[in-house]
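Chemist: Chains as they are written, first to last, in our numbering: chain Y, 966 to 1183; chain X, 966 to 1183.
Just so you know, the hints here were simulated from the structure itself, not pulled from any lab data. Hints may contain errors.
Same chains, same label: a pair holds when it works inside one copy or across any pair of copies.
To be verified - 30 Å max Cα-Cα, derived DSSO-like pairs, lysine-lysine:
{"hint": "1", "residue 1": "K1072", "residue 2": "K1176"}
{"hint": "2", "residue 1": "K967", "residue 2": "K1029"}
{"hint": "3", "residue 1": "K1181", "residue 2": "K1071"}
{"hint": "4", "residue 1": "K1029", "residue 2": "K1176"}
{"hint": "5", "residue 1": "K1181", "residue 2": "K1095"}
{"hint": "6", "residue 1": "K1054", "residue 2": "K1001"}
{"hint": "7", "residue 1": "K1029", "residue 2": "K1181"}
{"hint": "8", "residue 1": "K967", "residue 2": "K1181"}
{"hint": "9", "residue 1": "K1176", "residue 2": "K967"}
{"hint": "10", "residue 1": "K1072", "residue 2": "K1181"}
Protein chains: 2
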Amino acid sequence: MKIAVLGGTGHIGIGLSLRLAIAGYEVIVGSRKGEKARQKAEEYTSMLESRGLNGVISGADNAKASELSDVAILAIPYSHVYKAAESLKEDLAGKIVITPVVPMEKKSRLFIYAPPPEGSAAEKIASILKDSRVVSAFQTVPAERFANLDERFEWDVPVCSDDDEAKRIVLEIVNSIDGLRGLDAGPLAASRLVEGLTPLLINISIRNKVKDLSVKFV
Amino acid sequence: MKIAVLGGTGHIGIGLSLRLAIAGYEVIVGSRKGEKARQKAEEYTSMLESRGLNGVISGADNAKASELSDVAILAIPYSHVYKAAESLKEDLAGKIVITPVVPMEKKSRLFIYAPPPEGSAAEKIASILKDSRVVSAFQTVPAERFANLDERFEWDVPVCSDDDEAKRIVLEIVNSIDGLRGLDAGPLAASRLVEGLTPLLINISIRNKVKDLSVKFV
Ligand SMILES: C[C@@H](OP(=O)(O)OC[C@@H](O)[C@@H](O)[C@@H](O)Cn1c2nc(=O)[nH]c(=O)c-2cc2ccc(O)cc21)C(=O)N[C@@H](CCC(=O)N[C@@H](CCC(=O)O)C(=O)O)C(=O)O
Ligand SMILES: C[C@@H](OP(=O)(O)OC[C@@H](O)[C@@H](O)[C@@H](O)Cn1c2nc(=O)[nH]c(=O)c-2cc2ccc(O)cc21)C(=O)N[C@@H](CCC(=O)N[C@@H](CCC(=O)O)C(=O)O)C(=O)O
Ligand SMILES: NC(=O)c1ccc[n+]([C@@H]2O[C@H](COP(=O)([O-])OP(=O)(O)OC[C@H]3O[C@@H](n4cnc5c(N)ncnc54)[C@H](OP(=O)(O)O)[C@@H]3O)[C@@H](O)[C@H]2O)c1
Ligand SMILES: NC(=O)c1ccc[n+]([C@@H]2O[C@H](COP(=O)([O-])OP(=O)(O)OC[C@H]3O[C@@H](n4cnc5c(N)ncnc54)[C@H](OP(=O)(O)O)[C@@H]3O)[C@@H](O)[C@H]2O)c1
């Protein structure tokens, strides 16, 4: 299975690319610039090789990466992701599209959840990508610890979708990553509850001096 | 320190009353009916005695319990709590008031967060109890497991308030209960993020066949 990580050059994109490659998926790093994507893909491959790990990682511009993929992850900041989705609409038709997007604002020291009128980033993305199978996941995975291959964690990842088969496939992808447990969190309308968890995690991190928290349901 | 559990006759009220008494607080079970409260207080005391545990638990109507207390917990359903707070306003003046309240609606199999226009139950309660020191806590603690004294758990409890000293006191109260860890989650405006976590927990419980989930930040 080919997974494109669009914006895979960024913070959460690194961890996703590395760990999905380790899990055995064929990863395509996407970027606005094909050349930057290919560079990053080489970098990530070297990072795996230096640990004696194998992984198939290539790079392409976001449109090409989308077209080549079975599953694409929108690892792009919320302030840009809607426009990006609009422009990739055709390339993503028929594909499973995962959104890890969290619309957040910071007011003084407080992070607040700032969803669009559709109710959540996931629902807005689904309204743009009408021909894709949109699934929401990975919002509560902290980028820095996730990218660090020395890090050990046991995190739960809620997964939401209106497409049950796509949700099942994404749950499998999540569970294939060592240390993550995917949990069915309901339809896409429930994504707002998951997205809202992220500012809470960050607020708690800041105030209790523990960096990069995630969540476990116990 | 005297803690009144208003609506302490109900689901979450039992666990709070038992466990706060075990932690050494003087507990006053509150009810709309003084007689029902005294009955429940006796019942809870017997439950502790049958396990060889000590605890000081008395009962009174909600107004009297509020008046006698240093700290009061509003363990009343969201559909009734605002009116109840209105009528207890005078009795609760100057007190620390804890809200565990979660405004939720169920649409077919999906629980959704249904906050009032103020942004959260906590903010609405603070707007009613202008002379009290409102703190938000306990929203994610599942009543049934919490009331079962055989249950072992390790749960995190986010605590929000605009009153830093009141928040510190409530964090101490939370931490005094075996198995709970209190975490500063920011001002009252952050309570919506905590309240919203509860329908997520319930949705995940239902869909993954694990009863009464709570949360741990890791
Ligand atoms: C990591 C980097 O900070 P940064 O680049 O600002 O990144 C901060 C966050 O964006 C980063 O932690 C993200 O992972 C937060 N984050 C998310 N951030 C997002 O933007 N979007 C997300 O969807 C998201 C999800 C998420 C999930 C879980 C989680 O735990 C964190 C999550 C850094 O090195 N920070 C320094 C300090 C940088 C800094 O801002 N310092 C403050 C002072 C900090 C202080 O008071 O101690 C300042 O300069 O004023 C540090 O933490 O030591
Ligand atoms: C526990 C009792 O169910 P109940 O009285 O309806 O209570 C259900 C919930 O209200 C109860 O679980 C609450 O603790 C849920 N809950 C909260 N409930 C609230 O109303 N408010 C809260 O703030 C709240 C917080 C909370 C936090 C964490 C958490 O894990 C749960 C939380 C029970 O015995 N249920 C039976 C079944 C009852 C039932 O509704 N059955 C369904 C079928 C269920 C199925 O399909 O299996 C039916 O009759 O249609 C069971 O679970 O086996
Ligand atoms: N950071 C976290 O801890 C974390 C955790 C969970 C989820 N998330 C979510 O994941 C997404 C990405 O977050 P991030 O922290 O990884 O972001 P980031 O590092 O700031 O950006 C990711 C990538 O987005 C691309 N990008 C930037 N501006 C763009 C634009 N105008 N149009 C298209 N692409 C653009 C860039 O790639 P190119 O320059 O190569 O095109 C960049 O490398 C966000 O929606 C966030 O909410 C983040
Ligand atoms: N259930 C949970 O798992 C859970 C977990 C965390 C937080 N919470 C929150 O805790 C609060 C209580 O939940 P619960 O499940 O314990 O509720 P509950 O058992 O249904 O009710 C609690 C008590 O509220 C009182 N009450 C009922 N109607 C009232 C009214 N009109 N006016 C004043 N008091 C009234 C009753 O006491 P009297 O008849 O004795 O007056 C009742 O015993 C809710 O806001 C809920 O969101 C619940």
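Chemist: The structure should be examined with respect to each hint, and the outcome stated for every one.
Modeler: Here's how the hints hold up against the structure:
1. K1072 with K1176: within (20 Å within a copy, 36 Å between copies)
2. K967 with K1029: For K967 and K1029, the Cα distance is within 30 Å only inside one copy (12 Å; across copies 66 Å).
3. K1181 with K1071: both (25 Å within a copy, 24 Å between copies)
4. K1029 with K1176: Classified as neither: same-chain Cα gap 36 Å, cross-chain 44 Å, threshold 30 Å.
5. K1181 with K1095: neither (32 Å within a copy, 36 Å between copies)
6. K1054 with K1001: within (22 Å within a copy, 62 Å between copies)
7. K1029 with K1181: Intra 36 Å, inter 40 Å, cutoff 30 Å: neither.
8. K967 with K1181: Classified as within: same-chain Cα gap 29 Å, cross-chain 33 Å, threshold 30 Å.
9. K1176 with K967: neither (32 Å within a copy, 36 Å between copies)
10. K1072 with K1181: both (27 Å within a copy, 25 Å between copies)
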